[in-house]
Amino acid sequence: MADSHKTESLLVADIGSVTTKVGLVDTVRGEYRFISAGIAATTATPPEADILVGVRDAIRQIEARTERQLLADDRQLIFPERSSAQGVDTFIAVTSAPQPLRVAIVGLSRELSVSSAQHAVNGTHAVVETTFALDETGGRWVPVISPPNPDAGQATARTLLHDPIVLAAEALARARPDVIVLVGGADGGATTALYDLANLVAVTVAAREREASARPVVVFAGNSAARAQIANRIGQITELRSVDNVRPTVEWENIAPLQNELETLYIEKKLKWLPGLNGLTNWTSIPVIPGSRAFQNVVRYLARRFNLNVLGADIGGSTTTVVTARGEATTRAVYADLGIGYRLDSLLETANVERLMGWLPIAVTPDEARAHWLNQSLRPRALPLTRADAYLMQAAACVALATAARGDRRPSEAPLTAGLDLIVLTGGAFASNSNLGALALLALNALQPHGVFSLAADSSGLAPAFGGIAAANPEAAASVIERDGLTTLGTVIAPLSNHRDGQLDARIQIHPPTGGVINLEVQHGSLELVPLLPGQKATIEVRTARGVELPQARRGVFKAQVAGGALGLVIDARGRPIGLPGDPEKRQTKVQQWYWDVGGEVPYA
Amino acid sequence: MPEAISRTAPPGRLSQTRVVKFARIRRERMLPSRGAVLVTAGSRVGALDIVARASTGGNLHPVPLARYLRTKETALERYLLKKPGEEVADHEVIASKPESFGMLRRVYRAPKAGRIAAAQGAWLAFDLMDTPLELRALYRGAVVSVMARQGVVIEATGALAQGAWGAGGEGYGVLRIMADAPEARLADDRIDVTARGAVLLAGAGVSEAALRRAAQEQAAGLIVGGLAPQLRRLVAELALPTLVTEGFGEHPMCAPIFELLTAHAGEEIVVNAPTDAHEATLAPAVTASAGVRPEAFIPILATGRASEVVAPPPTLVAQTGTTVRVIGGARFGEIAAITEIPTLPRTLESGVSAWGAEVTLNAGDRLFVPWENLEMIG
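Taken in sequence, the protein lines are chains A and B. For the first sequence, the numbering used here gives the first residue as 950, with consecutive numbering after it. For the second sequence, the numbering used here gives the first residue as -8, with consecutive numbering after it.
Treat the hints as calculated values from the structure; they're not laboratory data. Wrong hints could be hidden among the right ones.
Which chain A residues face chain B? A few, computed with CB under 10 Å, are given here [to be verified]:
1) Gln1010
2) Arg1123
3) Tyr1144
4) Asn1148
5) Val1152
6) Ile1186
7) Glu1188
8) Val1466
Idealized CB from N, CA, C, for every residue including glycine.
The following block holds chain B by itself, in its conformation from the complex:
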């Protein structure tokens, strides 16, 4: 047997949450449907710069036109005034059929401006014009690659904190600290007009009224430790970009994330929490680009000094001394350090026998936690 093979069950791969003070990251910025990329590789972009634009959001409107004109599908083509691929104006007549010996005409008008996307048989499909979809860079940095008609990859330097869950979209603003401590709960009376355009840092939780107030005052985003389960949908409905760092329920924001963010009070911050990213996070991805976690990012320009190493976030390794977060049980969310790796599995209160580690919590308590319930953080 080679020496490399351990006689103890290896810890396997622990899940991890990246909380990094300064690193170089790359992020894909992709249009939901094909459009035009407006920047080139090598361009410097600011957070609010538009990097790509799609002319329509794919608002398709199929209509049974032959039925509306009371004609056979084979005869429809002769009454069409516009052909597939052509643009149409709002309420423009696109089909006209003579009736009553030519005395009257039965016409069909486009419901909105757009394009005739396709026609077949009795059916015709409009691609109706929506507000053009503009994709912002969100991450201040450099475009390192361009995917034609789809999007770009941006490289940025700064501080990064990944969340457990997010929804509400993308936000960019100045970070405002609304919690005196990670255990604090954000109430609506603390939110006023100064929230406008700001990303609010709450502590352990947020009330429904505070969420509504934040949206009303047009806050750019919210970062909170825990979210009451019943507020999940509200976050998406309010379109308030919200990053939840610990999970559902009320949980104090873990110290590494709270300390990182409070150190950057008043600075620009990005909250990237698209609602549909939740699906990607929950379900196993089939592509490497899916499964991206919601995150907060504080852009920090590299000074260019030779002594400054701007590297991707370092790889985390589970070993004695590694900082971990406890997942589950009464100590949910608490930060600890691995102090010992036992060589045998242990039986938990639940009756499950599991391999794991002895960890020392920040409060000094020591306990055994299965590998499956530890998350590396850093």
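With the rest of the complex left out, here is chain A:
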């Protein structure tokens, strides 16, 4: 393996649940540039059951396109790069292919500790299988009502089969989690109830699996003063890991330590068992990391490098990830059972079919739409063949992203989209989307941000993989993310008002680089594009009407130089939330109008 500081060429792989993408990065005139990519089916399942097979398929496509040999006759990667430009110096991989970690949460309070633990789980490749909150079961002090005495001289305690705490405990015992997260109690607070929960966890774990090796790991993220006692009760039964309290005080939520531990467990219990990973790690110079973490690297890099508030959305076949970075603060929501491939069925469960159909510009019956989406979940690699297929995929992706962005945010929290400067889109939904206008529409409909911000799409579908490079070669990562990783769609101006359609929202004056002035009157309900090519900048002045909010405006005026893109300037005055007519025909007409407004057939990349 070549030393990282001598690295000139890299192969990066993003092994998703549906497709495996591999990209070649090499130095061109002293700069790291993205050269070529290959895409193949992920082969984690039978008949191949070896992810290397799919990785090699994708590498062979790069070989065919670049006429550069990367695999030797024995199908191993050629290391390091030879003088004849065969092989590469470094191979890096990220993955979201493994099944998510299944988690059970056991805690004292639904609104406090359990809620915080759920929040932490949502930031990792994990799904919550069941939750047990003591305060929902009547607590420990539910009075026991004895039935009439059936036997002379004896008081019989009722079997209490319908005791809420027993029903909840049974649900916990039925679950088959990989990890049980035990939470509860403020630091330094009372511990008795927590010990009782620890005993419950211990008996369910011990009762279910006789063999210790098959038992779930327990992660304790509650009152730190209880650690020793918790260890006494659970440590003998199964592996126990303790992390900082997820809710040290009523007001303070501290989810990062639990998230880190869950990510470590995901790597240990899921990622490392991915079929073929051993063969892959023989090629890699650094450990294979989860795709969401790699994507977070990209979003964080963009936020720091350009001092922006950035939101990144990755809609994959099984997982939807939303990352925000504002200065040093980063949040990550990973919905490991929400996607537009395998997990489309889960999306249909989470959001009813009518909600998805609300974003369709075509007339289909709910049964037809449901059948289409379910068939897509059975064959997630299938591309949209017809325009109708594409609309159906767009609608599903829109609702998946909206669901993930809304997530488990509390009413008191600011929306995820508040104050954004840049939105970055990646994932299978965007990779197969050849219509940049439709892509922008998808993001605007799903996230419904307002203000002035930029939109960018992952041009190669490899943005998460480029984030994976950062650990091995930050210079290469920065170079390809900045120069080749993203296609700028344009700048969006989205004022917010309660106006009726047709009322004036704003007047915009645009000074394009080619000279002249464009004056626009923006009416509420409108969506339009103003051409401004990639690389070009224009000075704009936005004067908002009374009652219209544009966060960047001062006394109703916003003046700035903004960048163009593949779409140019996007002026979205549809209001928030975007209103969809109740009548299906009118709704379809309106959605179709929006598709037309955003430019229809702009070729992708």
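Using the hints, position chain B against chain A.
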């Protein structure tokens, strides 16, 4: 550049549906929880033979016993009449605490027969006795390996047809053809008492009433081309082993599967469509054994003639002449043959640019289909 490297984008790996007239297959038969394996490697087994048994289905019942007895958790042990690991009878007293100076006793009885699986602190967990879980061989053949306390691998010979989706469990019976053509729809009035114990072959679809009737008449299973999405849950609820060959919606059963099955009318057939296999099929597996597709299998004994080759299903390769099934669009489910592999990608009506193949449908039409929308079948 080595010659092996093609200048065109290779087709990559196409998904595939196995439809095989005669082959040797191996299938794992595993208990959901640990139990006892009743056969040994080398045993011959019939479809209904029980190969493993688990004493309980893992029906755990944790109870806060200290609270029920109104005692401290530290004192609980002295009132227990049964210890963890011991068997308990239905309503047997397992804890007794004297009250009112010994005049009365507060007792706790086992809710059902079972075993005390664990006890700690205030809690005690029963493993309640359920109907013993018996695992049938399902595939007639030979046990080739035994995984202690977990299950077996069976090798069988016969005809195999994989489905796109399945639910309802495992079924075994005689194959009854209920559809005159792959496009036919199975209505409830065609199902009568003769369905009992039979696996019904429907065509393009099945009505809700027909599903209910099939379950009522105790059909052993159902094989159908398409299933209305809203009937998914019903199939699982009715516990009617159902194999869907094409997908959701109404779709004529593809000719290779329909012809294979109708050729075996009246013969024994297995439908293996466990409801939880759907999850395994949908989500990427972390083990090689997961991700097994629902299937129908017709056991055929090898005659032992030297001329008869009993091999695993042959590997499918995407090349000119390969039989494929179209996935998506107006031609969903149609069978075709690859006739040409273009060297450049093409733009689809959806706007997507994709690599693919020119295929000729059975009806004679020729069209370009991306590799991602082709499934090898055979």
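Each hint, compared with the structure:
no., hint, verdict
1, Gln1010, "holds, 5 Å"
2, Arg1123, "holds, 7 Å"
3, Tyr1144, "holds, 7 Å"
4, Asn1148, "holds, 3 Å"
5, Val1152, "holds, 4 Å"
6, Ile1186, "holds, 8 Å"
7, Glu1188, "violated, 17 Å"
8, Val1466, "violated, 34 Å"
Figure legend: structure checked against the earlier numbered hints; hints not met, in rising order: 7, 8.
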